[in-house]
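Asks: Position 267 of the sequence shown, counting from 1, maps to 267 under my numbering, and the rest follow consecutively.
It is worth saying that the hints were derived from the structure and are not from the lab. C-beta: ideal position from N, C-alpha, C; glycine also. One should not assume that every hint holds.
Cut-off 30 Å, straight-line C-alpha distance, at most; resulting in silico cross-link-like pairs (DSBU-like, lysine-lysine) [as the list claims (entries may be wrong)]:
no.	residue 1	residue 2
1	348	322
2	348	387
3	369	387
Across the chosen pairs, the derived CB separations fall in these ranges [unchecked claim]:
no.	residue 1	residue 2	range
4	341	299	35 to 43 Å
5	383	303	26 to 34 Å
6	186	340	30 to 38 Å
7	253	345	25 to 33 Å
8	126	341	21 to 29 Å
9	190	342	36 to 44 Å
10	322	238	33 to 41 Å
11	93	117	21 to 29 Å
12	270	363	35 to 43 Å
13	126	289	18 to 26 Å
14	153	98	24 to 32 Å
15	255	383	15 to 23 Å
16	366	270	17 to 25 Å
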Amino acid sequence: MYIRRDQSNLHFGRQGRRRGGKTLFIVWLITMGIAIAIIWRFNSVQTWVLASVNGNATATPDAITLAQLGERAYWQGDLETAIDYYGQAARLEPNNIDIQFEYGRVLVYRSYGGRSYEYLAEEALQVAQRAVEIAPDNTRAQAILALALLENGRYEEAIQAGLRATQLDVNYAEAHAYLSLAYFQAGRPRQAFDEGDLAVQKNPNSVDARRALALSLSFVGEWNAAIQQYEMAIQIHPRLYALYFELAPYYIIQDNYDAAIAAFDRVLAMEPNNVKAYTRKCETYYRQRDDSRAQEACEQATELDPTYPEAWRQLGMVQYAKRNYEGAIESFQTCINLQTEQGIPLEKQEIECYYIQGLSWALLAHCEKAWPNLQTALTMNPGESIKGFINTGLQSCVGTEEDQFSADQIPTPIPPTP
């Protein structure tokens with residue numbers, strides 16, 4: 001490395017006379033001492049030297065360090081960053097089941113962000129399956145498998161994995177929590193409550209245990225008790241936004257719309273650009289028939305993220321209620337286009353974007369455009385009330401002036417899933 005002698009600490013000032021031999025010997029001794037020290041501590045100095053030369057050279061973080069960064073992001077509510085760090089850590093140490101567990105769990109929580117995030121639940125299942133292949137008798141591996149299976153609709157398999165996890169470690173709260181969730185999804189309320197209650201007993205500070213108990217209580221209509229459990233879970237992890245989104249519907253069931261709006265506002269206070277919170281506010285105002293504030297919230301959501309299908313669906317519903325059928329058609333079509341572009345299977349898409357758009361076209365006397373949307377909606381396994389609206393729309397197009405459609409063309413809907 002080139003040293004500017006006029007700025008070096010070795011420059012003792014301009015001397016008019018020639019240095020003596022004694023002085024040169026002392027300088028030689030100092031130089032040799034520095035050289036020996038550098039050689040002796042080369043490994044420790046090397047990083048410092050590289051940082052000096054390269055400016056920002058740092059050692060590559062190991063898996064534990066990355067996992068710790070992921071954990072920090074998780075507690076800060078930044079699930080995207082948590083997924084990134086845990087993913088890196090999981091790739092560095094694929095046999096570390098603790099890392100695989102945390103990675104799978106944050107993937108599941110992020111999958112709650114909307115239909116366009118549901119693919120993350122599939123990724124969580126892949127992580128869990130690899131963990132079980134590596135360590136079939138590990139409690140956390142079986143527990144994350146149970147959680148991932150139930151989030152992919154495989155409830156009976158999730159129950160089996162949850163039972164296996166509780167057998168491996170009867171004191172592991174998350175194993176009981178995920179088994180409770182699996183029982184809940186499988187429609188077995190008594191067992192869901194027993195496992196959820198046991199999970200809270202094993203670890204009262206487990207977010208998953210509190211959430212599982214809350215859902216099992218909601219199964220039997222214990223709304224206030226469910227709300228209390230969610231509030232306790234929020235005290236444990238106030239920045240886990242999924243908890244607020246699951247809490248709010250119980251307030252809505254009780255017609256406590258202000259409390260539901262307050263739950264979404266708590267999310268927005270922490271993350272002002274949370275699109276899902278604005279969309280859910282829109283839905284809540286819509287339920288109250290406060291269409292002006294509903295439209296304002298939905299438009300805020302679509303401005304923040306124009307690629308969020310749920311926001312366009314709800315905006316279209318508000319516009320339809322305000323008899324702005326042209327605007328509703330445009331919003332619903334945006335919703336359909338986004339879901340198609342994002343690869344969301346038809347059966348998982350927002351059915352309102354199809355059948356209410358069809359009704360809008362029918363009201364504008366464009367049955368040639370209404371008919372395909374209404375027919376598509378019938379193939380999406382709608383509930384009885386929606387099926388009634390669809391058939392009303394189809395019937396309104398029978399015998400039109402164009403004489404394009406007849407009652408025989410109305411398809412027989414697929415029987416609803418029990």
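Asks: Look at each hint and say if it fits the structure.
Replies: Results for each hint:
1. At most 30 Å may separate the alpha-carbon atoms for a hinted pair to count; residue 348 and residue 322 meet this at roughly 27 Å.
2. Straight-line distance between C-alpha atoms of residue 348 and residue 387 comes to about 17 Å, which keeps the hinted pair within the 30 Å bound.
3. Between residue 369 and residue 387, the direct Cα distance comes to roughly 18 Å. Compliance with the 30 Å bound is thereby established for this hinted pair.
4. Taken as a hint, the range 35 to 43 Å is violated for the pair residue 341 and residue 299, whose Cβ atoms sit roughly 21 Å apart.
5. In this structure the supplied range 26 to 34 Å holds for residue 383 paired with residue 303, their Cβ-Cβ distance being about 31 Å.
6. The beta-carbon spacing between residue 186 and residue 340, approximately 32 Å, falls within the hinted interval of 30 to 38 Å.
7. Between residue 253 and residue 345 the beta carbons are some 29 Å apart, a value that agrees with the proposed interval 25 to 33 Å.
8. Residue 126 and residue 341 have their C-beta atoms about 24 Å apart, which keeps the hinted 21 to 29 Å range intact.
9. In this structure the supplied range 36 to 44 Å holds for residue 190 paired with residue 342, their Cβ-Cβ distance being about 39 Å.
10. At roughly 36 Å, the beta carbons of residue 322 and residue 238 sit within the given window of 33 to 41 Å.
11. Checking the proposed 21 to 29 Å range against residue 93 and residue 117 shows it holds: the Cβ atoms sit about 26 Å from each other.
12. At about 41 Å, the CB distance of residue 270 to residue 363 agrees with the hint of 35 to 43 Å.
13. As the Cβ distance of residue 126 to residue 289 is approximately 44 Å, the hint placing it in 18 to 26 Å is violated.
14. About 27 Å separates the C-beta atoms of residue 153 and residue 98, a value consistent with the hinted range of 24 to 32 Å.
15. In this structure the hint that residue 255 and residue 383 lie 15 to 23 Å apart at CB holds, the actual value being about 22 Å.
16. Checked against the hint of 17 to 25 Å, the C-beta distance between residue 366 and residue 270 comes to roughly 45 Å, which is inconsistent with it.
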